[in-house]
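Chemist: Each chain is listed here by its residues.
4 protein chains.
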Amino acid sequence: MIDLSGLYAPVPTPFHEDERIAFDHFEANLQRWISQPLDGVVMPGSNSEIPYLTDEEKLHLWAACANVFQGSSKQWIAGTGVERTADTIHLTQEAARAGAIAALVLPPSYYKRAMTHEVLVRHYTSLADQSPIPILVYNIPAYTGIDFELKTLVQLAEHPDIMGMKDSSSNVVKMAALLKARPGFKVFAGTGSALLPYLSIGAVGGVMAVANIAAVPLRRILDAFQAGRLDEARQVQLSLVELNSAVTTRYGVPGLKYAMEQVGFYGGPPRLPLLRIDVEAQSVIDVLLEEAGLV
Amino acid sequence: MIDLSGLYAPVPTPFHEDERIAFDHFEANLQRWISQPLDGVVMPGSNSEIPYLTDEEKLHLWAACANVFQGSSKQWIAGTGVERTADTIHLTQEAARAGAIAALVLPPSYYKRAMTHEVLVRHYTSLADQSPIPILVYNIPAYTGIDFELKTLVQLAEHPDIMGMKDSSSNVVKMAALLKARPGFKVFAGTGSALLPYLSIGAVGGVMAVANIAAVPLRRILDAFQAGRLDEARQVQLSLVELNSAVTTRYGVPGLKYAMEQVGFYGGPPRLPLLRIDVEAQSVIDVLLEEAGLV
Amino acid sequence: MIDLSGLYAPVPTPFHEDERIAFDHFEANLQRWISQPLDGVVMPGSNSEIPYLTDEEKLHLWAACANVFQGSSKQWIAGTGVERTADTIHLTQEAARAGAIAALVLPPSYYKRAMTHEVLVRHYTSLADQSPIPILVYNIPAYTGIDFELKTLVQLAEHPDIMGMKDSSSNVVKMAALLKARPGFKVFAGTGSALLPYLSIGAVGGVMAVANIAAVPLRRILDAFQAGRLDEARQVQLSLVELNSAVTTRYGVPGLKYAMEQVGFYGGPPRLPLLRIDVEAQSVIDVLLEEAGLV
Amino acid sequence: MIDLSGLYAPVPTPFHEDERIAFDHFEANLQRWISQPLDGVVMPGSNSEIPYLTDEEKLHLWAACANVFQGSSKQWIAGTGVERTADTIHLTQEAARAGAIAALVLPPSYYKRAMTHEVLVRHYTSLADQSPIPILVYNIPAYTGIDFELKTLVQLAEHPDIMGMKDSSSNVVKMAALLKARPGFKVFAGTGSALLPYLSIGAVGGVMAVANIAAVPLRRILDAFQAGRLDEARQVQLSLVELNSAVTTRYGVPGLKYAMEQVGFYGGPPRLPLLRIDVEAQSVIDVLLEEAGLV
Chain A
1 MIDLSGLYAP VPTPFHEDER IAFDHFEANL QRWISQPLDG VVMPGSNSEI PYLTDEEKLH
61 LWAACANVFQ GSSKQWIAGT GVERTADTIH LTQEAARAGA IAALVLPPSY YKRAMTHEVL
121 VRHYTSLADQ SPIPILVYNI PAYTGIDFEL KTLVQLAEHP DIMGMKDSSS NVVKMAALLK
181 ARPGFKVFAG TGSALLPYLS IGAVGGVMAV ANIAAVPLRR ILDAFQAGRL DEARQVQLSL
241 VELNSAVTTR YGVPGLKYAM EQVGFYGGPP RLPLLRIDVE AQSVIDVLLE EAGLV
Chain B
1 MIDLSGLYAP VPTPFHEDER IAFDHFEANL QRWISQPLDG VVMPGSNSEI PYLTDEEKLH
61 LWAACANVFQ GSSKQWIAGT GVERTADTIH LTQEAARAGA IAALVLPPSY YKRAMTHEVL
121 VRHYTSLADQ SPIPILVYNI PAYTGIDFEL KTLVQLAEHP DIMGMKDSSS NVVKMAALLK
181 ARPGFKVFAG TGSALLPYLS IGAVGGVMAV ANIAAVPLRR ILDAFQAGRL DEARQVQLSL
241 VELNSAVTTR YGVPGLKYAM EQVGFYGGPP RLPLLRIDVE AQSVIDVLLE EAGLV
Chain C
1 MIDLSGLYAP VPTPFHEDER IAFDHFEANL QRWISQPLDG VVMPGSNSEI PYLTDEEKLH
61 LWAACANVFQ GSSKQWIAGT GVERTADTIH LTQEAARAGA IAALVLPPSY YKRAMTHEVL
121 VRHYTSLADQ SPIPILVYNI PAYTGIDFEL KTLVQLAEHP DIMGMKDSSS NVVKMAALLK
181 ARPGFKVFAG TGSALLPYLS IGAVGGVMAV ANIAAVPLRR ILDAFQAGRL DEARQVQLSL
241 VELNSAVTTR YGVPGLKYAM EQVGFYGGPP RLPLLRIDVE AQSVIDVLLE EAGLV
Chain D
1 MIDLSGLYAP VPTPFHEDER IAFDHFEANL QRWISQPLDG VVMPGSNSEI PYLTDEEKLH
61 LWAACANVFQ GSSKQWIAGT GVERTADTIH LTQEAARAGA IAALVLPPSY YKRAMTHEVL
121 VRHYTSLADQ SPIPILVYNI PAYTGIDFEL KTLVQLAEHP DIMGMKDSSS NVVKMAALLK
181 ARPGFKVFAG TGSALLPYLS IGAVGGVMAV ANIAAVPLRR ILDAFQAGRL DEARQVQLSL
241 VELNSAVTTR YGVPGLKYAM EQVGFYGGPP RLPLLRIDVE AQSVIDVLLE EAGLV
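Quick mapping for you: the protein sequence lines, in order, are chains A, B, C and D.
Quick note on my numbering: the first sequence kicks off at 1 and runs consecutively.
Quick note on my numbering: the second sequence kicks off at 1 and runs consecutively.
Quick note on my numbering: the third sequence kicks off at 1 and runs consecutively.
Quick note on my numbering: the fourth sequence kicks off at 1 and runs consecutively.
Keep in mind that the hints are not guaranteed to be accurate.
Put simply, identical chains are the same to the list, so a pair is met inside one copy or across any two.
To be verified - In silico DSS-like links for lysine-lysine, alpha-carbon gap of 30 Å or less: (1) 74 <-> 151; (2) 180 <-> 112; (3) 112 <-> 151; (4) 151 <-> 180.
If you are wondering where the hints come from, they were derived from the structure by calculation, not from laboratory data.
Please read all numbers here as calculations on a predicted model, not as lab measurements.
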């Protein structure tokens, strides 16, 4: 099996003003990411306005990833989790066919009370059994309302084709327990501010919104940590926390899209009901980008 | 505008063992509901495995509702809320074209933090402006993670085409405040155990999973309340609480489908990841149906 | 055993500007409540700044209740729940000695995870076994973080000396299930806006902050409900919701104290860390009191 | 001002079978901790059954700490936070008089909605202004229901006598943001499993239940981290997570007391309503202690 690790950007989906996908801008953005110190991208992730995309649009976006990254050293991971088990399996198989190296899979979450340990284990096991590519579990309770129990993760980690997870809950205690129980499981930090703490307990990298615009300092954190230069790792980590917050919890996808525009990518509008950020939020992000030396 | 009130069943979607929709059974179920003391049905609602249905399947289910109810006194309300504003508008227009009398609309909920008062007001206003049929807001925080603020509901209720709401949070305090501020707003109880308390503060009826199997006692609650026979209303209300719990919070859609089988409807399996209920749960429901005099 | 029902005011503790208890004002307030259509008072309740009172202060406040109410038709219920079981038992015995007709008992709540069904059942059973007066369970999750499970309440209701509860969670669904299982249990609404819905499912009354200032309209709700005049009951109920919200969730104890001042009671300052309400909040309450015809 | 850092054990209060404090055992335990690689202890902390202790008992426990630690290199920190501001100030002054080096202060938490940014800032500022010893803020939302906002912590950290905090929420993202904004603030991990991640972002140590029984491996984590031996730090950290969980979230104070008995301290019973752990839980802890090399 492939051995995933490192830094991944969950990339936004660019839209024209009329909300159609701007495929030309998407390809240009991907070209730009090739020059960044990233290991690859995730499409679609939470930052990609995933619930506003049709399956057909996902296929087109994957084709673009495959096309642009061909011959480069970059990998792309597909986001394939939807509510129905059969649809999730189908979409994952399509992603494999398109060339994804792995699938990052949201849990079904509408019937929250029904998403018991048993139901989640069956869902992911059934998926992994029928997927041509490795599965990464995606835990993001702020969006799904589902927070995987430790015992569910421990059991899923036993499946040979469930190789790891992205954890956006920043629960270092649960992750430490998971890594104690399943030392080889590939844990990725789910937000840029948690990268260094996650590395300290054995995570292999991060899938982080802020990686879209700040791959260079994130790489510095990773390199400094691995070289034992902890002071440097900590200083760079702390320097990113406000910017990370601005493009995630504080201003969300519209904030990230605005920040991308400022550093040379195409950002563009979100799809409704999301709204562009206002002028005040723009000023906050302008300052943070400058402080981080990104503009 | 039409004047909605009374008892509605949010009807399950019947599936064959291979997970295809069983349209023949769906039509037979609808025929059976015609003979029940209901005002109509909602399709799809939360009990319809709404997140597992494609848009195309929804259109076919609506055609079946229109076909079976034609010429009857029953009405059908369409569930049309999806994540993207444009898709919600489109689907609502399709429902109107198919003959729905109103649309019951879930809020977008993936980006929970971004679903502010302003964003929700814009989303529903935009929808109501472009919908040929009246809109009912659907508040079900247990599934969406979104619990509408009072001020948002008060503002939405000012729109001439947003006529009411289904509240599954059973928050009598918030509903009392809403009905004080907007006396004509049509509030429906969202679960069978809350029907009488909701009527007491001015609700006009209920959209309740248990109505699929217990329309007769629910009608008795409504009739007794309106006639001022409060003891009778209370006794019937209390007699239903355990059964109501069993087919909603306790065993969910699979529990409801099992109960439907026992009282003469087609139930059938859920779509995965949902699982059929086990034998122990079946025994619980058997007892409750017998206690309620429904078998 | 006594048979509690009706309307109770959980009365605030009045303080001088230097935070000492103003016993003279407390007795004057009690005298004034005698002339109101209340069945009695609770001291201390959540509105009494209960966590800021010493046990010695509670004894003095109970002596004042006993003294002022002697010979009147009013009853007083003591709030006696503290964290430790032994202390709760001791305090309840003191309250009985002072003349309380019953005790309203908060659950231990610091070690939330440890407050399991078993622990709570043992705690309340041990208390009831050693209490000379009947016990009312007090469920107020907004303050304690403990929300009693249905099964715990059903089991506690079997004890001959646990006669009822105050439920401030306004969970009509759970209360309906409880009253189905234990028809004789005395359920009191815990907030004024829930009185009518609670009565509709069989509650016997309410213990409500707003009863301190609005006993007359609350009594009208109760009387109209019992006489089957549901429209009147509903209209009065809805007329109180905003005022109720202002003196509870919105402005808390300091809001209630301000409102009391406006209608002729002594209010006074709260103990720190609570702060008096500001001028804006005062204006809101002024308007609501006028709309409710209380000033 | 003193410069706190390192490893502290929040020590349990030992009781006799009749629930009286076992002062002789407490002093013997303290003697034993002197020989452990700890910087000191906290008394009372959450593990001390703090809500079951009277103020008088706290004074006696502090006298014991002062007595036993006199002449040793160990420090003791007093837990002094209660609900009322005046009481908290008084208790902190008493602790200072008894010889505490600092006070770890829980927030008032009963009136959760009223504990706004402004109220908390006033409370802690007023305390710090009148305290002879430095203040540490104690954030433990699982017990208090209060989770300090970043902006509140940032503001409190500006006060010259509020020198740091214990954070039991394990929120590395918030702590990173705090340490970016206030680099000199002394942050202590609040649970043993979070020690290494907290150190990675600049925390100065931990106040951890598991330190009562596992000071040696915790010290190894700290030493290895400071020496840049990250693999060793991580391995020791992961080896402790299950034991840490057992004596905190899983079995609570009674679990910790049992574990203490097994490694040579006096444990004894908790005060009611807490119950001793059962035989099954004992076996789990026995195994974990053996795996950790502590028995």
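Chemist: Would you mind marking each hint as holding or not holding in the structure?
Modeler: Hint-by-hint comparison with the structure:
no. : hint        : in the structure
1   : 74 <-> 151  : neither (33 Å within a copy, 39 Å between copies)
2   : 180 <-> 112 : both (28 Å within a copy, 27 Å between copies)
3   : 112 <-> 151 : both (17 Å within a copy, 22 Å between copies)
4   : 151 <-> 180 : within (12 Å within a copy, 34 Å between copies)
Of the numbered hints given earlier, the model fails hint 1 alone.
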